[in-house]
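Number of protein chains: 4
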Amino acid sequence: MTKKKVVLAYSGGLDTSVAVQWLTDQGYAVIACCLDVGEGKDLKFIQEKALQVGAVNSYVIDAKEEFAQEYALLALQARTYYEDKYPLVSALSRPLISKKLVEVAHKENATAVAHGCTGKGNDQVRFEVAIKALDPTLEVIAPVREWSWSREEEIEYAREKNIPIPIVLDSPYSIDQNLWGRSNECGILEDPWAAPPEDAFGLTIAIEDAPDTPEIIEIDFEKGVPISISGEKYPLSELILKLNELAGKHGVGRIDHVENRLVGIKSREVYECPGAVTLLKAHKELEDITLVKELAHFKPFISKKLSELIYDGLWFSPLKDALEAFIKETQQYVNGTVRVKLFKGHAIVEGRKSTNSLYDEKLATYTSDDEFDQSAAVGFIKLWGLPTEVHSMVNNKQAVKN
Amino acid sequence: MTKKKVVLAYSGGLDTSVAVQWLTDQGYAVIACCLDVGEGKDLKFIQEKALQVGAVNSYVIDAKEEFAQEYALLALQARTYYEDKYPLVSALSRPLISKKLVEVAHKENATAVAHGCTGKGNDQVRFEVAIKALDPTLEVIAPVREWSWSREEEIEYAREKNIPIPIVLDSPYSIDQNLWGRSNECGILEDPWAAPPEDAFGLTIAIEDAPDTPEIIEIDFEKGVPISISGEKYPLSELILKLNELAGKHGVGRIDHVENRLVGIKSREVYECPGAVTLLKAHKELEDITLVKELAHFKPFISKKLSELIYDGLWFSPLKDALEAFIKETQQYVNGTVRVKLFKGHAIVEGRKSTNSLYDEKLATYTSDDEFDQSAAVGFIKLWGLPTEVHSMVNNKQAVKN
Amino acid sequence: MTKKKVVLAYSGGLDTSVAVQWLTDQGYAVIACCLDVGEGKDLKFIQEKALQVGAVNSYVIDAKEEFAQEYALLALQARTYYEDKYPLVSALSRPLISKKLVEVAHKENATAVAHGCTGKGNDQVRFEVAIKALDPTLEVIAPVREWSWSREEEIEYAREKNIPIPIVLDSPYSIDQNLWGRSNECGILEDPWAAPPEDAFGLTIAIEDAPDTPEIIEIDFEKGVPISISGEKYPLSELILKLNELAGKHGVGRIDHVENRLVGIKSREVYECPGAVTLLKAHKELEDITLVKELAHFKPFISKKLSELIYDGLWFSPLKDALEAFIKETQQYVNGTVRVKLFKGHAIVEGRKSTNSLYDEKLATYTSDDEFDQSAAVGFIKLWGLPTEVHSMVNNKQAVKN
Amino acid sequence: MTKKKVVLAYSGGLDTSVAVQWLTDQGYAVIACCLDVGEGKDLKFIQEKALQVGAVNSYVIDAKEEFAQEYALLALQARTYYEDKYPLVSALSRPLISKKLVEVAHKENATAVAHGCTGKGNDQVRFEVAIKALDPTLEVIAPVREWSWSREEEIEYAREKNIPIPIVLDSPYSIDQNLWGRSNECGILEDPWAAPPEDAFGLTIAIEDAPDTPEIIEIDFEKGVPISISGEKYPLSELILKLNELAGKHGVGRIDHVENRLVGIKSREVYECPGAVTLLKAHKELEDITLVKELAHFKPFISKKLSELIYDGLWFSPLKDALEAFIKETQQYVNGTVRVKLFKGHAIVEGRKSTNSLYDEKLATYTSDDEFDQSAAVGFIKLWGLPTEVHSMVNNKQAVKN
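Protein sequences appear in the order of chains A, B, C and D. Mapped onto full-length UniProt numbering, the consecutive letters of the first sequence carry residue numbers 1 to 402. Mapped onto full-length UniProt numbering, the consecutive letters of the second sequence carry residue numbers 1 to 402. Mapped onto full-length UniProt numbering, the consecutive letters of the third sequence carry residue numbers 1 to 402. Mapped onto full-length UniProt numbering, the consecutive letters of the fourth sequence carry residue numbers 1 to 402.
All the pointers check out, no bait thrown in.
Pairs involving identical chains hold if they fit within one copy or between any two copies, as the list cannot separate such chains.
With a straight-line cut-off of 27 Å between C-alpha atoms, the simulated DSSO-like cross-links for lysine-lysine are:
id	residue 1	residue 2
1	Lys281	Lys328
2	Lys284	Lys242
3	Lys85	Lys281
4	Lys299	Lys397
5	Lys223	Lys299
6	Lys397	Lys284
7	Lys281	Lys304
8	Lys44	Lys100
9	Lys4	Lys397
Please keep in mind that the hints were generated in silico from the structure rather than gathered at the bench.
All chains should be modelled from the sequences, with the hints used to inform the complete structure.
Below, the structure is given as structure tokens:
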């Protein structure tokens, strides 16, 4: 009889290497699957390591451009920040990883998918809901959550099974990274009164060490897609990586956030998103001149919902499709150029221009070029204030009477 | 027969000085009224100047603490930003000025109130709606909007009437200031592609000139009210002024915004809010650890509505009262201390603590102190993802069938 | 020199007949344009009358199916009710009429467009904003608002100009009608304490006179579009008219509403929407079984915004396009059949079924067929209630301490 | 050693009678606690039965007026409907029952609280989250969910333990009732295509059997509280019961709803809320004339959130307090009288009047009494449509260019 197959999201680290063995012990043939979503992995090395620790097959997938086009871009165009701070780093890659796991499972006729998350984070939810959404017939296994070993027990098991144990096991941090940024938790970061130490950061320089000379760049957008930096065109994934480098060098994009997890607890996380933060700021400024007021005032409701939905693991849901349809409809106007000054931790938008700009100097000016009909204001104010005025007439009278 | 009386919002500048005469020409006895809401006016000088240019009476009112307690504080506790950028500077002072104008009108038995706004800004709306809300029987006059003179005609009239003309008439900017910040528009700022020049700023130093050494301060909050800086207590108005100084010195709080005015046009404004921005950041971080998730996720809707309502001149409306009741109810939990690093244009919250903190290291930790029940996650995910899973089962089947 | 041309929205009534002459007096060549959007007009008669009262050309357009497909359908799929009551009757037809006026203007090289609204209703806003949105270069004229004659003066002018005066001039009501319903205001309806008299209604029978036997119909939907009644297929406009008849006979769809107009006043209106109300109810019930929870809970925000935007005359705006994109994305699941009982003023949905139904008897049942995993609830409740529990632990302790 | 004490929410039915024994078997001393929240229970009988089946103590509490004042009233003033249909029947009583259970637990020094819910409904969540919110140290036990017996096993156990078994065990329905209404699920109702049979209803007459003569009543409100029916004053709980009778007799308030449960499934429920529906309609109409537009347009967001929060079991949460503060602030204006016609399943508001009415006939009228300044509309429309107009000018030009 052939063994049941499971596709495991494999990172090359200790937990998922142990999981290969543990799943094999449970009677599964393990197919490892590792994605590069921009964290700069050595995919070849990981592919081989998976086989070495017992996987029957090992996939590695460069998913950077797909991640940029299908996931990061929506986060940019909607400008999704969870709780007004976190630009959704891990939350964005989980659905793509899930999708690839399911694709491999279908290709390999696997009946199960496994991930290396523990039982207290958001990622377990994101993986499991995404996988169920894509194929409800697949079994989902969470080895780390199930075995609930202490660190010592896990290492003991690894020794027994000849799984290579990393020399440096004592990094206090738990890190995840992709094109859109880097997240870090655990260790001293668990004390919300403590400032994050320098060794908690990996993509950005400290403001103290940032250059004394600003770098000024221009970002061009076409239909809400950033296409070039200072005139040079890049595929989206490369553009984001380039900005990570440019803005990271100036200390842009450090975020320190005590957030509400989906699973009911607050946790303190440190994020670095130099490219994302730069793009998000530039995109807002371009929308500020190209979107009509009513749209600009309503879009944030869509963004907030989309942020929460993505954070909460509901990427593959009809609500996401509808929110995305809204966002995409709006981006046709978002064409133009934004000039950004990268300096001492800031990405300062200094200028913005667009052939779709609704900013009209002739209407806005206080000079003699003024084309605004000031007399219209009198009628406008009269009707604008009328409900308040009637309310006041009626209820002041009431107040007097009573 | 006694003349009709009008109470004029008087600033001491050319426009309102000319307005004293113009209103007198229209047959009114003009009562000037000038408030200090934190811009540091020489009230004595203005009081006398009003009489000198023809006012029959001249009031000056130090309204700084009332402005801080009744207006700026709500903006802080709700964290109102118009269009996610502008922390409501002028929009906050207009209702208070209107209230004082109406109080003086009642005291003086005046039948009219006048303001110096033109016909294309937001402030005309704010004044007129506020005044009508407070006393719908008062006539409201907008001399500058009515006379619609060119600058030259206005100066000619001033000369004729012996109204002192400022030596420096050629400042390109139009500036308004109070405790909560300083706004600036016009001149080169009307070009949204141009970076704001240094002379557009008055409360903050350029990041380039900011000190190389950060200043670290601690701000204590009691029920959402900031009460002390690094252990020293201040009345609220003084605390904000102190922070304007401390944070302004480090270049904190410059904002460059192309915004949608209520009167239908976009305009580019430059704001400086060093104290406000520092307080707003600190307040958010304290709420991040003290407000329960559901509340933290809903409060932004209240804040957004309140921001728009204040911007749109509807301060004195029952909706504001209801939104304020919501906000005030939430602030009982917002007690604690926030440590802020002022440096190179940043107000970085490095640490936050509170006796009301809902952040629980025992629940959040990944160490052996963990008190979180990881097995609960399995059931949670099952039900959380159930709607999506059923949707997938039903509609994938449908997709196959069709 | 050729005269300037104006395209006038012509109804055949006194006001717009007088407007033909009045505009001619102002030097315009008047092109009349009359649409049938479902009110059952005698288009031929109106076309001739326009010429008879002085129009140089006269267009009549049967726009029923276009109105149904492009306007009423969106109102149905979004289920737009203004202030939770008014299903947008006139507000829906105004943009279509405006569009046709602009098309005729382009065809005729007219430089102006005119409508017959007064200065205190919503329709003037809807016409003028829509026309400006479609072609900002067109002049818009509102003769009735401009001439501001009393009824007597208008009749005097009509006599003078040989404009036929209707025999029955003393209907107290002001009525507008299209496929989606009939609105009525004025007369006794201006007293919100008075019950609307029977003569205020035209599409529905009084409940008192409704048949004692219900009529039970089945409505089939495909992708959110109602396509048949009790098995018989109809084009959408005919389907709505058919339902107006069927449901109107049972007294369905009377609405009595004191509403907030855009122009700042409250007004009391009486609506009859037998077909619309029946379809809106059926559509909701079908969505209740086919839309996933997250989507069902968010869609009402979209509907509310869309309702207000349409009511406020902003149909031709990018925000409408984005809201529509959201709605359309959701309708792919809305397939199935709804059984409705028309009886004594009610359209009661008695049953609903769909191949996309997410209602799963196996999960919902309390019988032995139950497939729901009740043990999952324990973990779910633990994490669902965790924020509240931690809040209670922390703040009760605080309460004790203080 | 003394036994641990548990307070059990006792209904007198089979499940909770068996639970008394089952908990006793687990080593608990069981204190029964039964509330009357308006369902008309024989409290004396239930009190004795609890003791008879093994409880060591038995509390019965008439909580009708407290339920009316503290729970139903907020539902009325906010007009909370879950998913626009269900006026929150059981969801409203659960927090009050939880509160009483905790109070009794404190009085009796009990360490646990128990409820009779299964593992697939909403009520288990409501009870457990409420109890944890009120006292996180209390253990919560759900016997029915834990024992997971079939009906036969439960009866077998009851026989063994001499627990009286109801003669009629085969009611297909699961019913809950309080002042605010009656809910019913299970049996044939589990088929959403089937019309609910007459025996599913208990508070209302079928429309077919409703009287041919309407009953017209007037309801007076003071600050949003209904205080009298047709001039006769009642305490709130009695007023609601009276309306249940009056409106139920006319078939008012039947609701048939396929809803999204918190635990991830859809279920079909039938509700009867004759009094609630009548009051909710009357209250809306009174707000329609007394609340200013901005408030009337925003309050529904508060209501929607409050509805979901109550449905989802988060009554005792700081968000509820804040939402309630909003609602209460608005009710000062809601004074006046509403005339309602009860007829053939309808509660039709025919008239409304208020000393706080903002409806102003002088402004609304089209007669010669008109006090509305129609010329103001011109300026209003100009600025209202300006963003759309500029958008059109810019983007039509763009469209041409491209």
